[in-house]
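*Asks:* From just these sequences and the hints, can you work out the full model?
So the sequences go chain by chain: A and B. Going by this note's numbering, the first sequence opens with residue 1, and the numbers climb by one from there. Going by this note's numbering, the second sequence opens with residue 1, and the numbers climb by one from there.
Incorrect hints may have been included.
Now the stretches of chain B that chain A is said to cover, found in silico as 3 or more residues with beta-carbon under 8 Å [what the hints assert, rightly or not]: (1) 96-106; (2) 112-119.
Which residues of chain B face chain A? A partial, calculated answer using Cβ under 10 Å [unchecked claim]: (3) S50; (4) L53; (5) N54; (6) L59; (7) F85; (8) R86; (9) Q87; (10) K88; (11) V90; (12) G91; (13) F92; (14) A160; (15) T163; (16) D164.
Worth flagging that the hints you see were computed from the coordinates, not collected in a lab. All residues carry an ideal CB built from backbone N, CA and C; glycine is no exception.
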Amino acid sequence: MSIKDLLTTAFLNLWRRKLRAFLTVLGMIIGVASIVVMVSLGIGIKQATIESFAGTGSLTTIRVNSWSYVSMGNGAGSSRQKDLNKKAIATFKKIEGVQAVMPLIETYGIIKSGQYVVDTSILGVTKEQAEMFNITLAEGDFPGAGGSTTYEIALGAWTLQSFYSPDNYRQAIDRNGNPKITKDSRMQITFDYRNIYKQMAMAIGEDGSGEPQDPPGEFYKLKVTGIMDQGNNDFSYYSIMDASQLERLAKANKAYTNYDSSKYQTVLVKCKDISDVKSVKNAISEMGYGTYSLQDAVEMAENSTKNVQYLLGAIGGVALLVAAIGIMNTMMMSIFERTKEIGIIKVLGCRIDNIAGLFLAEAAYIGLFGGALGMGLSFGISALLNVFLASSGMRSIIPAYLVFGAVGFSIIVALVAGMYPAIRAMKLSPLAAIRNE
Amino acid sequence: MQENTLIDVRNVKKVYHVGTVDVHALRGVDLQIASGDICSIIGRSGSGKSTLLNVLAGLEQVSAGEIVIAGKHLERMTQGELILFRQKRVGFIFQSFNLMPYYTALENVALPLSFAGVPESVRLKRAKRMLDLVGLKTHMKHKPSELSGGQQQRVGIARALVTDPQIVFADEPTGNLDSSTSDEVIRVIIDILREQKKTLVMVTHDQNIAEYGDKIIHLLDGRITDVVINETKITKQNEPIGSGN
Numbered sequence: 001m002s003i004k005d006l007l008t009t010a011f012l013n014l015w016r017r018k019l020r021a022f023l024t025v026l027g028m029i030i031g032v033a034s035i036v037v038m039v040s041l042g043i044g045i046k047q048a049t050i051e052s053f054a055g056t057g058s059l060t061t062i063r064v065n066s067w068s069y070v071s072m073g074n075g076a077g078s079s080r081q082k083d084l085n086k087k088a089i090a091t092f093k094k095i096e097g098v099q100a101v102m103p104l105i106e107t108y109g110i111i112k113s114g115q116y117v118v119d120t121s122i123l124g125v126t127k128e129q130a131e132m133f134n135i136t137l138a139e140g141d142f143p144g145a146g147g148s149t150t151y152e153i154a155l156g157a158w159t160l161q162s163f164y165s166p167d168n169y170r171q172a173i174d175r176n177g178n179p180k181i182t183k184d185s186r187m188q189i190t191f192d193y194r195n196i197y198k199q200m201a202m203a204i205g206e207d208g209s210g211e212p213q214d215p216p217g218e219f220y221k222l223k224v225t226g227i228m229d230q231g232n233n234d235f236s237y238y239s240i241m242d243a244s245q246l247e248r249l250a251k252a253n254k255a256y257t258n259y260d261s262s263k264y265q266t267v268l269v270k271c272k273d274i275s276d277v278k279s280v281k282n283a284i285s286e287m288g289y290g291t292y293s294l295q296d297a298v299e300m301a302e303n304s305t306k307n308v309q310y311l312l313g314a315i316g317g318v319a320l321l322v323a324a325i326g327i328m329n330t331m332m333m334s335i336f337e338r339t340k341e342i343g344i345i346k347v348l349g350c351r352i353d354n355i356a357g358l359f360l361a362e363a364a365y366i367g368l369f370g371g372a373l374g375m376g377l378s379f380g381i382s383a384l385l386n387v388f389l390a391s392s393g394m395r396s397i398i399p400a401y402l403v404f405g406a407v408g409f410s411i412i413v414a415l416v417a418g419m420y421p422a423i424r425a426m427k428l429s430p431l432a433a434i435r436n437e
Numbered sequence: 001m002q003e004n005t006l007i008d009v010r011n012v013k014k015v016y017h018v019g020t021v022d023v024h025a026l027r028g029v030d031l032q033i034a035s036g037d038i039c040s041i042i043g044r045s046g047s048g049k050s051t052l053l054n055v056l057a058g059l060e061q062v063s064a065g066e067i068v069i070a071g072k073h074l075e076r077m078t079q080g081e082l083i084l085f086r087q088k089r090v091g092f093i094f095q096s097f098n099l100m101p102y103y104t105a106l107e108n109v110a111l112p113l114s115f116a117g118v119p120e121s122v123r124l125k126r127a128k129r130m131l132d133l134v135g136l137k138t139h140m141k142h143k144p145s146e147l148s149g150g151q152q153q154r155v156g157i158a159r160a161l162v163t164d165p166q167i168v169f170a171d172e173p174t175g176n177l178d179s180s181t182s183d184e185v186i187r188v189i190i191d192i193l194r195e196q197k198k199t200l201v202m203v204t205h206d207q208n209i210a211e212y213g214d215k216i217i218h219l220l221d222g223r224i225t226d227v228v229i230n231e232t233k234i235t236k237q238n239e240p241i242g243s244g245n
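*Replies:* Structural data, given as structure tokens:
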């Protein structure tokens, strides 16, 4: 029999018993829809988890540290140090999949405005790096080179709200809850704590060995050019300055900042794509550096949601199993009814593999229609769920692979269910055709 | 053994095991049928005539003995080989017609060709020619339920012959028909087969029907009791066939 004849005949055989075929297909529709909706919820949970991580930082950024933890395999371990210098940065840039590398030129300073002060971490960034690593400002401009005596700075997103008095630790906030210090206030920065906590410094001096004190660190005039964006992921807390300016300041205040221009503590590596992160991270780890990316956290979260997904899938699977048994039952009934017909076509020369093929094709049709209509139902339920679950943070997502996967899977399930009936049909005796009731 | 022996049955036995009792349906049958023979097997019910037809058509395995058709040993064939053998060489006419109720006469006749993988346009053309031959030109689109018994059996005959088989087996082909229709139908069968020089093996319990054969084999209790060569061959009738109900 040609494939076309086989498929046409099988379809007509189903069509002839419309109600029964419909009921069997309905079982399959419910089975497929239940499994797809369950799986789509699982995918939604996973997606929500990943997105919640993405909100806390860039998924394509790897943080490289000069030290790494070496496990000894028995629960103990030691940390080792490897210098992150300019040479290392050049090497990182050559790794495939790396888009940009940014050494964190980072130092700690105290900004003074009138009687109030604030402690802040300052990051040295070039304009290009700011672009690459999505460092954005809520207002104002990126700090430039500034004048000869003035340094430009963009303050951290919450820096203005954090000013306090070093004498009584009162916050610089007025009755209405607004910060008293604004971006236009006059500011100075110093890296020497003794400039701020004078009493403390004196106390140390008196208590000390009587050695002469170092001269106090300088104050530098600041010009605030902008405020960092709160949605800046890793960078919102930092104030930023032009990289070379900051480097100059840090060097001049080496005594307080411990700044070493030959090496960095931390380097950020940005990958071209999320899929590059793993290989780039491994390459850098192999060089002996410590690495961390949000991907690690995402992976852990994915593993923990995997079990939830399996559980949901299994619940849906029960309905599909019941539907598969339904198919088997329908096919068996159909074979018992058609014993004589099968006998006749055997006498007329229908090959037994064609007979098996006819029944398997019927089962496959049930799987196909059940799968396709089940997908339709799934999209409906999914849309409804997304309306009702919107407030709970749960979501139902049906990706394309799930659509084709589910239809394919339902055909396979139907074929497996149709296997035994098909074998039974093959084994039926042609003598059934001869018997006269 | 004749020169042109098509079917050679050698000491065939068939035993059914019913519970603890053995029923001997065939107790050693020897029989030769030549190519082109029109052959009737007659016997009372329980004589083993249906069993003999079934083993000849490869629908049942023999318990002992050999069946050689066109040089091939049927008793050594597998189920699959037997089906292919029937597909290529055998046409079958049933007592209860066994037409597919949901197919038209034309589709029923074309059915065996679809099993052989013949393309639809070719098989419909051949089926039309066969229906024309049995006199049902005007009933091609009718479903079996819209046809009389005699017409249904003509469709059955057309279906048996559409694959151009060497041998046609007929199991009580007139068993479900009244006597006048029976005569008509048997004449259609005999005339076409004679003209196309095909071999017919027909089982019947009706002496009148058996008389249409050239060779009448009498069966009793699983043994051949008599083989009568019918001298008064019934030849083609003058009156045109296929004009009846």
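*Asks:* Does each hint hold? Answer for all of them.
*Replies:* Here is how each hint holds up against the structure:
no., hint, result
1, 96-106, "holds (count 4)"
2, 112-119, "holds (count 6)"
3, S50, "7 Å, holds"
4, L53, "8 Å, holds"
5, N54, "7 Å, holds"
6, L59, "5 Å, holds"
7, F85, "9 Å, holds"
8, R86, "5 Å, holds"
9, Q87, "3 Å, holds"
10, K88, "8 Å, holds"
11, V90, "8 Å, holds"
12, G91, "9 Å, holds"
13, F92, "5 Å, holds"
14, A160, "9 Å, holds"
15, T163, "7 Å, holds"
16, D164, "12 Å, violated"
Checked against the numbered hints above, the structure violates only hint 16.
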